[in-house]
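Colleague: Using the sequences and the accompanying hints, generate a full structural model.
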Amino acid sequence: MNTNLEKNNALFEYLLRLGDTSLILGHRIAEWCGHAPILEEDIALTNISLDHIGQARLLLDYAGKIEGKGRNEDTLAYHRDARQFRNLLMAEQPNGDFGDTMVRQFLVSVYNFPLYSALSKSADAELAAIAAKSVKEVAYHVRHSSDWLIRLGDGTTESHEKVQQSINDLLIYVDDFFNGDEVDALLVGQNIAPDLNAIRALWNETVQLTMVKAGLVIPQVNSAMRTGSRKGNHTEYLGYILAEMQFLPRAYPDAEWL
Amino acid sequence: MTDTSDISHIRNLLTQVQDPEVPVLTIADLGILRDVALIDGTYEIKITPTFTGCPAMKAIEENIAEVLVENGIQNFKVRMVMSPAWTTDWISELGREKLRKYGIAPPSQSTEEHLKAILTGKNKAVACPFCGAVNTRLTSAFGSTACKALHYCDNCHQPFEEFKCH
Ligand SMILES: [Zn+2]
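Protein sequences, first through last, are from chains A and B. Counting in this note's numbering, the first sequence runs from 1 upward without gaps. Counting in this note's numbering, the second sequence runs from 1 upward without gaps.
Because the hints were derived from the structure by calculation, they are not lab data. Every value quoted in this text rests on a predicted model; they were computed, and no experiment measured them. A portion of the hints provided could be inaccurate.
Claimed, not checked - Derived DSBU-like pairs (lysine-lysine); straight-line CA-CA distance at most 30 Å:
#1 A:69 x B:58
#2 B:101 x B:46
#3 A:7 x B:46
#4 A:121 x A:7
Modeller: Structure below.
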């Protein structure tokens, strides 16, 4: 195969992975709108959701351009089925209680931060620019979710126990972050994407620091780690999200914002 | 027929286009108007988005088109460019002064300083736009729009907004 075509196909896949993770996580967090424990938190969560969806728009729009088949951000978001989505399994996990949502946000944000920092130096100028913009938003997500983890972990006995349980439950989706494949390898080779081992080392470091501050622990995972997002193998939850998210544009294909 | 004087005329016209969410600021103050060029008889207006999810960008594109059409210019297109990524460092001094007068504290740090500070939780206190005091505190990093954070001034006892470093 022509190497440029190979590179383009890999970049398209890679952009879907980043864009879908932002889109699905953004959609999940938006479910909190009107339900957060306090008004400020409602505003914070919807702002974080907006950041993710904004990032998804840029990434999917660019993915459509790279693919070159006339698909845009909307076609990609609304007219693909679950098996064609490439979001991290973590992003589609249900909101659960507020602690579950914050742990999920924390684990993803401390992954996104070193990832987007590295991507802002990508050999692909467009991806680098999107990443440079996104990383500034991700920094706020890291701060916000870390603050909550510390507050809940170092709070009451009940909040401590609950948030520790959230960590124990969600940890099985962490290997999926770092489970690189041939797409990652090809793009790492071209200095477009960073080496996931380096990202994992930074992720570990930040997680450990925050866990110590919060008085929480990262337990040994005894059950099997769940992976597969890079090949479109999702948990049962993604289908339900898509059913809600895609209903309108699929039922009314010509619907437009006025 | 068309030359650089037309381009500067268009630039001048576009300095009237306001940010719909912070109407004291124009797109020139914000630094989002990147370039005006004449390419094959069409004026290409390059703008760059601010915050990724900012819904004002669509309105800004429409307002640009409206101003140009009102002034009899038809042969133009507005193009969104991503690179280099916009930063609040590009907000002009005049823009910062306008923000302060409007009651919004301008971004208090450079993007780079801010990025370091936010991760360690050691952000500098933001000067109050009403009384100038620095004994203020952050009440919420997220506000009414993607670009604003909420603070409280312990000197004049007023809440105020800050245009977030980005
Ligand atoms: Zn004051």
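Colleague: Against each hint, give a clear statement of whether it holds in the structure.
Modeller: Hints, one by one, checked against the model:
At roughly 24 Å between alpha-carbon atoms, residue 69 (chain A) and residue 58 (chain B) fall within 30 Å of each other, so this suggested pair holds. Note on residue 101 (chain B) and residue 46 (chain B): the hinted pairing holds, with a Cα-Cα distance of about 29 Å set against a maximum of 30 Å. Straight-line distance between C-alpha atoms of residue 7 (chain A) and residue 46 (chain B) comes to about 28 Å, which keeps the hinted pair within the 30 Å bound. For the given pair, residue 121 (chain A) sits about 18 Å from residue 7 (chain A) by alpha-carbon distance, which is consistent with the 30 Å threshold.
Hint violations for this structure: none, all hints satisfied.
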